[in-house]
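These are the residues of each chain, in order.
Protein chains: 2
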Amino acid sequence: MNFPKQITICEVGPRDGLQNEKKLLTTEEKIELVEGILAAGVKHIEIGAFVHPKAVPPMADTEKVMQAIGKREGVEFRALITNLKGVERAIVAGVDKVKLTVSASKSHNLSNFNRTPEESVATFEECVKAATQAGLSVSGAISTTFGCPFEGSIPLEQIDTLVNAFRALGIKEISLSDTTGVANPKLVYERCSELIKRYPDVTYHLHFHNTRGMALANIIAGMEAGILHYDGSFAGLGGCPYAPGASGNIATEDIVHMLEEMNICTGIDLDKLLDVARKAQKLVEHTTDSAILRAGKSSELIANKPSGQIKKG
Amino acid sequence: MNFPKQITICEVGPRDGLQNEKKLLTTEEKIELVEGILAAGVKHIEIGAFVHPKAVPPMADTEKVMQAIGKREGVEFRALITNLKGVERAIVAGVDKVKLTVSASKSHNLSNFNRTPEESVATFEECVKAATQAGLSVSGAISTTFGCPFEGSIPLEQIDTLVNAFRALGIKEISLSDTTGVANPKLVYERCSELIKRYPDVTYHLHFHNTRGMALANIIAGMEAGILHYDGSFAGLGGCPYAPGASGNIATEDIVHMLEEMNICTGIDLDKLLDVARKAQKLVEHTTDSAILRAGKSSELIANKPSGQIKKG
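Sequences listed follow chains A and B, in order. Numbering that gives the first Met the number 0 puts the first residue of the first sequence at 0, with every later residue one more than the last. Numbering that gives the first Met the number 0 puts the first residue of the second sequence at 0, with every later residue one more than the last.
Hint data in this document are derived by calculation from the structure and do not stem from the laboratory. Check the hints yourself; a few may be wrong.
The list makes no distinction among identical chains, and a pair is therefore deemed to hold if it is satisfied within one copy or across any two copies.
Here are the simulated EDC-like cross-link-like pairs (lysine to aspartate or glutamate), alpha carbons at most 20 Å apart as the crow flies [to be verified]:
1. K42 to E87
2. K185 to E260
3. K171 to E62
4. K171 to D95
Based on the provided sequences and hints, a complete structural model is requested.
Right under this line is the structure:
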């Protein structure tokens with residue numbers, strides 16, 4: 000195994016983590032969380048979504064959060080959008096990047112957007128044009144890349160078609176998302192290796208849910224395939240709607256902890272990140288699935304032992 | 000990545016899973032669990048421990064459990080022992096294999112056995128002799144292989160010394176145990192690769208705790224290093240005494256589920272294994288950390304969707 004020296008983490012907690020929470024956080028609470036992430040040294044943040052406020056009430060104040068935070072040197076704020084209206088709001092709010100999302104599964108895309116994947120893609124051109132004209136970057140995301148709750152396994156060619164559709168629009172940064180936590184390390188390794196081989200001009204990002212405990216194993220497989228960008232959500236917020244009570248997004252702190260133990264640099268201060276995760280867990284008023292919030296860091300186990308023989312390692 | 004076609008799982012739930020449970024299971028309940036594991040097709044079972052009943056009360060009835068189950072064609076029952084008295088009890092009980100355990104950390108071994116690792120090893124010779132004369136196999140286990148709560152990181156040479164001590168006693172099957180869940184995939188890969196290179200005559204087993212969420216990632220790293228034998232505990236029972244409330248042993252069902260999704264054969268019927276895990280969780284009267292018990296299998300998510308378009312994959 001040949002692990003990379005450096006990995007980039009995008010914190011998606013403010014968007015994917017909070018979008019399905021029953022308890023609505025106040026704008027001030029969200030700002031506090033984002034400031035905490037920034038203080039921890041995170042340079043890529045999915046700050047919210049510009050979608051219909053009635054469809055996703057927790058995202059209704061994304062403008063206010065972004066405007067209160069403001070642009071920051073060296074930090075990229077991205078937001079999820081689904082149409083031109085979203086781009087217009089993103090421009091006003093001042094985010095750096097918009098993310099266009101489409102599902103590799105026809106049934107899943109119909110269920111989420113009431114459109115086929117092809118119909119979704121057809122609407123992207125005007126979004127890309129508007130965003131680019133305003134100086135915003137654009138990235139793409141493909142959900143159900145590793146399996147779909149309606150259709151089961153998703154043939155690679157369906158992913159290939161969408162990667163190409165994004166490339167045709169000039170989008171070269173693409174998130175491959177395991178929306179329902181069904182990815183496994185073999186599939187991740189094989190699918191990502193093949194996509195990198197076919198389209199080396201694309202920068203791939205991986206987005207894993209820890210629903211079946213495999214997210215960190217999938218990240219290992221993704222790194223082996225050569226992927227250097229991963230999403231995480233503070234405290235592991237953001238569950239799979241098809242598996243209530245199960246784990247959500249892989250916790251950012253669990254990724255950073257593993258990578259740090261492996262001497263892989265993320266540039267993130269894990270202790271400060273843990274402060275944010277603790278705060279987020281408190282704000283949503285329920286426990287979440289974060290191994291490090293529960294168990295503490297490996298190094299803490301060692302440092303905290305009441306022993307005279309600590310050689311901290 | 001080059002994944003193996005087949006992996007052997009040893010179910011350690013009856014021993015490592017139950018040894019620290021506050022609620023004492025009855026002998027009949029334990030027999031029911033072991034029968035369930037056998038029905039699921041598990042061929043390697045750590046059925047209990049022959050240690051002082053006052054030191055580990057949940058293991059006091061290991062003879063009774065083993066005698067009720069009896070020898071089974073093609074199944075290996077192993078038991079943990081710490082001294083000659085243990086071997087004698089193991090012989091009477093009719094187990095197939097005894098496991099001798101020593102910690103790579105002096106402080107941890109002193110804390111557990113009131114002896115240095117060298118003193119532990121010195122007591123093993125008479126155990127091996129007695130077990131071998133009675134026709135029992137003998138395996139070794141090295142705890143704190145990947146880190147120690149007292150000493151922090153453990154130099155490879157301390158593991159090397161113990162592997163050699165076991166080899167000198169004719170023991171060629173050695174479990175490397177991540178007693179407190181501090182192993183990470185890089186360390187697992189590097190340490191295991193090096194040990195296999197140095198001593199290819201040894202069959203290594205890996206024993207992971209999921210305390211910091213890394214157990215499945217560590218198994219991926221172990222497989223990449225070439226290790227084909229892994230321990231698991233039903234329902235994820237058996238915590239880390241240094242991290243109360245954190246995850247315990249990696250759940251056998253979580254391992255089998257991941258491997259099955261990767262088309263790696265274990266010979267184990269996952270549904271029957273899940274029945275045992277559910278039963279175990281009920282018997283100990285507390286929730287445990289098993290991703291698949293909570294979320295269900297990847298294939299179930301797909302099969303259970305109320306949709307006419309299921310293409311089960």
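Hint-by-hint comparison with the structure:
no.	hint	result
1	K42 to E87	neither (24 Å within a copy, 62 Å between copies)
2	K185 to E260	between (23 Å within a copy, 8 Å between copies)
3	K171 to E62	neither (26 Å within a copy, 64 Å between copies)
4	K171 to D95	within (16 Å within a copy, 59 Å between copies)
Of the numbered hints listed earlier, those contradicted by the structure are 1 and 3.
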